[in-house]
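**Student:** Okay, here's what each chain looks like letter by letter:
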Amino acid sequence: MQNAIELKSVSKRYSDFYLDNLSLQLPVGQVMGLVGVNGAGKSTTLRLLMGLIQPDTGSVDVLGYRLPEQQVLAKQNIGFASDDMRLYKTENLRWHMQLIQSIFPSWDATYAEHLLKVFDLNAEQKFKGFSHGQRVKACLLLILARKPKLVILDEPTTGLDPVAREEVLSELAEILRDENRSVLFSSHNTQDIEQLSDSITFLHKGKLLDSQDKETYLDRWRRIVCTGDINSAGLGIDCITDIKRNGSLNEIIVNQYDDSIPERLSALGLSVSSVDRMSLEKIFVANVRAGAKA
Amino acid sequence: MNSTAESRLQELPVLNTRLHYMDNLRALAMLAGVFFHGALAYSPMLHNVWPSADTQQSPIVDVIVWFTHLFRMPLFFIIAGFFVAYLVQKRGMAGMLKNRALRILLPLIIFLPLCMWAVIAPLLSAVASVQVKSPVLAMVAMAMATPGTPPPPPTTMHLWFLYNLVFFCLFTWVLHYVNWQWLRAYFNRVTPLTFLVIFPLLLVPALLSVAAPLPAPDSFLPQLWSFGFFGLFFALGYWVFGVDNFIERFKAYGFILLIMSVGLYVLFYWLIPKHISIAPPSLVFWKKLIVSSCEAYISVWMSVVCLVWGKIYLNIHNRFMRFMSDSSYWIYIIHLPLIFALQYPMMDKYWSLLAKYSATMTVTLAVGVLSYVLLVRWTPIGWMLNGRR
Amino acid sequence: MSHSLNIPLIKILIQKDWYLSRKLLALYVGGSIFALSFISLGEWQFFMGVTLLMSMVIGLANHLVTSTIINERKEQTLPFIMSLPISPTDYAVAKLIANKSLFFIPWLAILITTIGVFTFTPIPDGLIPLSIIMCSYLLLSYCLVWAVGMIVETEGIVILVMVVLNCLIGPLIYILGSIQDISSHFQSATQVWNSASIGVLLLEFFLIIASLVIAFYLQARKKTFL
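Residue numbers (our numbering), protein chains in the order written: chain A, 74 to 367; chain B, -1 to 387; chain C, 170 to 395.
In short, the hints are calculated from the structure, not lab data.
Please note that the accuracy of each hint is not assured.
As a list, the in silico DSS-like pairs of lysine-lysine whose alpha-carbon atoms are at most 30 Å apart [said to hold, decoys possible]:
1. A:Lys199 / C:Lys185
2. A:Lys317 / A:Lys287
3. A:Lys220 / A:Lys190
4. C:Lys192 / B:Lys88
5. C:Lys185 / A:Lys190
6. C:Lys180 / A:Lys280
7. C:Lys269 / C:Lys180
8. C:Lys269 / A:Lys220
9. A:Lys220 / C:Lys243
10. C:Lys243 / C:Lys269
11. C:Lys180 / A:Lys81
12. A:Lys317 / A:Lys280
13. A:Lys162 / B:Lys96
14. B:Lys96 / C:Lys392
15. C:Lys391 / C:Lys185
16. C:Lys392 / A:Lys222
17. C:Lys391 / A:Lys162
18. A:Lys317 / A:Lys220
19. A:Lys317 / C:Lys269
20. C:Lys269 / A:Lys162
21. A:Lys162 / C:Lys185
22. C:Lys180 / A:Lys201
23. A:Lys278 / C:Lys391
24. C:Lys269 / C:Lys185
No experiment lies behind these values; they were computed from the predicted model shown.
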C-alpha cells in the first residue's frame, strides 16, 4: 500500500457549499497539514475520509479500503478527533478508556497511563467538569493509546492555551516517529502545521489550491521589496500573487520563485532592496487573498 | 459504601466469610415460620380464614403465635437487607442483582406454581373427603356447588417474602443513586435510645393502613404498606451492615426490651379482635393507633433482642448449624403444602391439639430434612438455593 | 451497506446505552413499582396507580429516545461513536436493540399485569381486547417516535411527534368505543375477539413493522451521516 489516503476527483454538493473535484494523496508515514479558512472544505474532506459522508462523484480510499462502503474495516485503524467531538459528560475518562479498550485489541494500557501523566489528566473526573483543553487532550489520549495506523485530526490545537498546545504538539511529534503511521490534520494555526507536517494542502472555497511537500512549498514563496514605478514597467512575471504599493515602495509576493526574478525586476528598472522567505502564515494570507481576487 | 463497611468486611473471618449468627438467626426465623403456620390450624382467631382450621383450639396458641408473628419476618428482612449490603460490597450492584435473581427470583418462579398446585390439590380433595369441615373448606364446597362463582385471585402464598425481596433488591438498586450521606451520618451517631424510640414510629403509618395482627402481603400486586413496614426493616438491615458495632450498642438493653415488648404485647392482645373473618373488623381510630404502635415497637424491639442475643449465643459454626441454615430455605418453601396435606385428614380425628400439632411438625420437618438430603443438597436445586459448595 | 453487521461492537454499543440509561431506568422502575403498589389500595388509588403506570411507560419511552438518540447528536457525542468501526446501519441496529429492550421489558410487564388484573378481579374480562389494543398503541407510539428520532434527529420534531401521539390516546379510546363490534363486548364476562378488534390490532402491528423498516431503509440511504 503506497497511499494511506487517496481521493480521486471527489465532489460533494451542499446547498451553500461545493467541494470541487478534489484529488489528494497522503503517502504512508507522512504528516499532512490541511490549511484553509472556515468554510474552505476541511471538515467535509475529513468526514469523507471517515465514511460519514458519501461523495457525489469520485472515489475515496483510506488504508486500502473504499469508503463509505468499507468504513468499518477502515475505521479499525483510523483515529479521528474533531473539535466538535464531545465525550459522555456524565462519565469519567476511565470509563471511556475502558470502552475504547474493549473495542480495540491494539489498546496500549501502559501508553495510556503515560499519556494521562503527560497530559496531566484525572481519569476519575467526570467530563462535565473538563475544560476545552482537557477535552482535546482526553480525545487525543483515547485515539493515540489505541495506536491507529492513520490519525485524522480536525483542528486539534484550536482554542488551546499555550501550555496545552505545547503538550499536544510534542505528543503528536512523538507518535510521528513511527514510520508506518500517517497523520492528516487540519488547522487554522499555520505555526503548528509548519512545525509538524511533511506536506501542506491548501483548500479554499471547496477547491484545492496547492498540495506539496512542506520544504518545496515554502521555498516557492518569496516576498520581494523593491522601489520604482511598477505600473509603467509592465512586469511580465506570471507567478506574482500580490503587489502592495506605498508611494514608490513595492512589496511583491511570488509563489514560484526562482533566482532569475530579482534580475528580471532590476532589468525592468526596479531597485530590489530585499528578497525574504515567508512564514506559512504569510503565505496562507497571501494565498487566500489571491484566491479571493481570482 | 463508606470506610466502616470496609472495616466490617475486613472483620469477617478470612477463610469463611460468613457471619454465622446472621445465618443461624435467619434459619431460626424460617423454622419459626414453619412452627407458626403449623399452629394456625388451632388458633381460635384464624378459625374462620384458615383452610385447615381444626375443631381443637386453644387461646394459648394465639397468645404465642401472634407474639412471634410480630418480629419473625421483620428479623428476617433485617438479615436479608444486611446480606444484600454485604453482596453489594463484595460484588457490586450488578453482582448483587445477579446473585439475588438466582437465589430469590428463580426459586420464586420455579416453586410458586408448584406450591400453588400442592396447596390447591389437597384443598380440593379435602373439600370432598373431610367430614368436619373448617369454615374455609365449607365455603369452598359451597362455591364449587354454585356454578359461576369466580375463583379467588391467586396469591404468592407463603412465598410472598421472596416476591417482596425481589422488589426490595430492585429498590436497593434504584435508591443507591440517591445521596444518603446525611442519613448515613445521622445513623452512625444515633444513640440506641433514640433509635429504639424513633425508628418504630416510621413503621406506624404502614401498620395503620392494614388490619391487626398484620396480614401477609401475599398479593401479586405489590403492597405499599409492605414497603413501608418490611421494606424499612430491609433498609435497616442494609444500613446496619455499614455501621460499626451497631448490634453491640444494644447489648445492655436486651433483657429490658424483652420485658417491655411482653408488656406491650399484653396491651396489644387485649385490644385486638379475638376472631377474624374474611372482611376483618375495623377498630376505632384510637384503638387502632395503640395497636399499630404496639406492633411497631414490639417488632423493632424484639428484632433487636434477637440480633443481640443471636450475636452472643448463636455465633457458632458447626455441622449441625450449617445443615440447619442450609436446609431451612428448602424446608420453608415446601412446608405449607405439607402442613395442609397432613392437617386435612387429621381434622376428622379426635386427637388432642398437642398430638395433632406434634404429628404435623414431626412429619413436616422429617419430610423436609429427608427431601433436602435426598433431592436438594447435592443437586442443582441446592446450588440454586444455597450456592455451590 | 454491503458489509455484514459488526456484531461484537453492536453489543458493546447496546451495553453502553444500557449503562448510560441506568439512572433513568432506575427512576422509572422505582416509579412503576410505586405505581403498582398503589393499585390495590382502593378505587381512586386504582385509577391513580394505573394512570401513573401508563405515564411511567410513556415517560420512559420518550425519555429513552431523547437521551440515547437526540442527545447523542445534540451533545455531540455522535462523532465519537461514529469514529468507531461501525456503519450507520450498525448504529441503527444498536440503537434499535438498546432502546427496544429497555422499553419492551416494562411494557411486557404492564401488559401481563393488566391482563392478570382483569382476569383475576371482578372487572369484566370483555375489556381485555381494548387493553391489549391500547398497550399495543403504546408500543406503536414508541416505535414511531424512535423511527422519527433516527430519521430526523431533531429534538423539536421528535417532541412534536411525541405530543401528537400522546394526544391521540383519548381519541383512539373514543373511536374504539364507537365501533359497535368492539364496544358492545366491554361489559361481557369473557373476552371477545372479532374481525374488528383483531383488525385494529393487526393494523397496529403492521404500522410497527413499517416504521422500523422505513427507519432502517432511510438510515442506510443517508448520504450525509454527520
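**Student:** Would you mind marking each hint as holding or not holding in the structure?
**Tutor:** Right, here's what the structure says about each hint:
Distance hint between A:Lys199 and C:Lys185 is fulfilled; the C-alpha atoms sit about 16 Å from each other, no more than 30 Å. Restraint check for A:Lys317 and A:Lys287: the C-alpha separation of about 26 Å stays at or below 30 Å, so the hint holds. Taking the CA atoms of A:Lys220 and A:Lys190, the gap is about 18 Å. The hint holds against a cut of 30 Å. Taking the CA atoms of C:Lys192 and B:Lys88, the gap is about 22 Å. The hint holds against a cut of 30 Å.
With a CA separation close to 27 Å, the supplied pair C:Lys185 and A:Lys190 stays within the 30 Å bound. Distance restraint check for C:Lys180 and A:Lys280: the Cα-Cα separation of roughly 41 Å exceeds the 30 Å cut-off, and the hinted pair is therefore not satisfied. Restraint check: the Cα-Cα separation between C:Lys269 and C:Lys180 comes to about 14 Å, which is no more than 30 Å; the hinted pair holds. Between the alpha carbons of C:Lys269 and A:Lys220 the distance comes to roughly 35 Å, so the proposed pair goes past 30 Å and is violated.
A threshold of 30 Å between alpha carbons decides the hint, and for A:Lys220 with C:Lys243 the separation of about 29 Å falls inside it, so the pair holds. Distance restraint check for C:Lys243 and C:Lys269: the Cα-Cα separation of roughly 21 Å lies within the 30 Å cut-off, and the hinted pair is therefore satisfied. With a C-alpha separation of about 35 Å, the suggested pair C:Lys180 and A:Lys81 falls outside the 30 Å cut-off, and the hint is violated. Of the supplied pair hints, the one linking A:Lys317 and A:Lys280 holds, its CA atoms being roughly 26 Å apart against a limit of 30 Å.
Of the pairs offered as hints, the one joining A:Lys162 and B:Lys96 holds, with about 28 Å between alpha carbons and a cut-off of 30 Å not exceeded. Taking the CA atoms of B:Lys96 and C:Lys392, the gap is near 43 Å; set against the 30 Å cutoff, the hint is violated. Proximity of C:Lys391 to C:Lys185 is assessed by CA-CA distance (about 24 Å); at most 30 Å being required, the pair is judged to hold. Our distance criterion of 30 Å between C-alpha atoms is met by C:Lys392 and A:Lys222, whose separation comes to about 26 Å.
Between C:Lys391 and A:Lys162, the direct Cα distance comes to roughly 28 Å. Compliance with the 30 Å bound is thereby established for this hinted pair. At roughly 48 Å between alpha-carbon atoms, A:Lys317 and A:Lys220 are farther apart than 30 Å, so this suggested pair is violated. Under the criterion of a C-alpha separation no larger than 30 Å, the hint pairing A:Lys317 with C:Lys269 is inconsistent with the structure, at around 66 Å. Taking the CA atoms of C:Lys269 and A:Lys162, the gap is near 24 Å; set against the 30 Å cutoff, the hint holds.
At most 30 Å may separate the alpha-carbon atoms for a hinted pair to count; A:Lys162 and C:Lys185 meet this at roughly 14 Å. With a C-alpha separation of about 26 Å, the suggested pairing of C:Lys180 with A:Lys201 holds against the 30 Å cut-off. A C-alpha spacing of about 24 Å is found between A:Lys278 and C:Lys391, which places the hinted pair at or below 30 Å, so the restraint holds. Restraint check: the Cα-Cα separation between C:Lys269 and C:Lys185 comes to about 14 Å, which is no more than 30 Å; the hinted pair holds.
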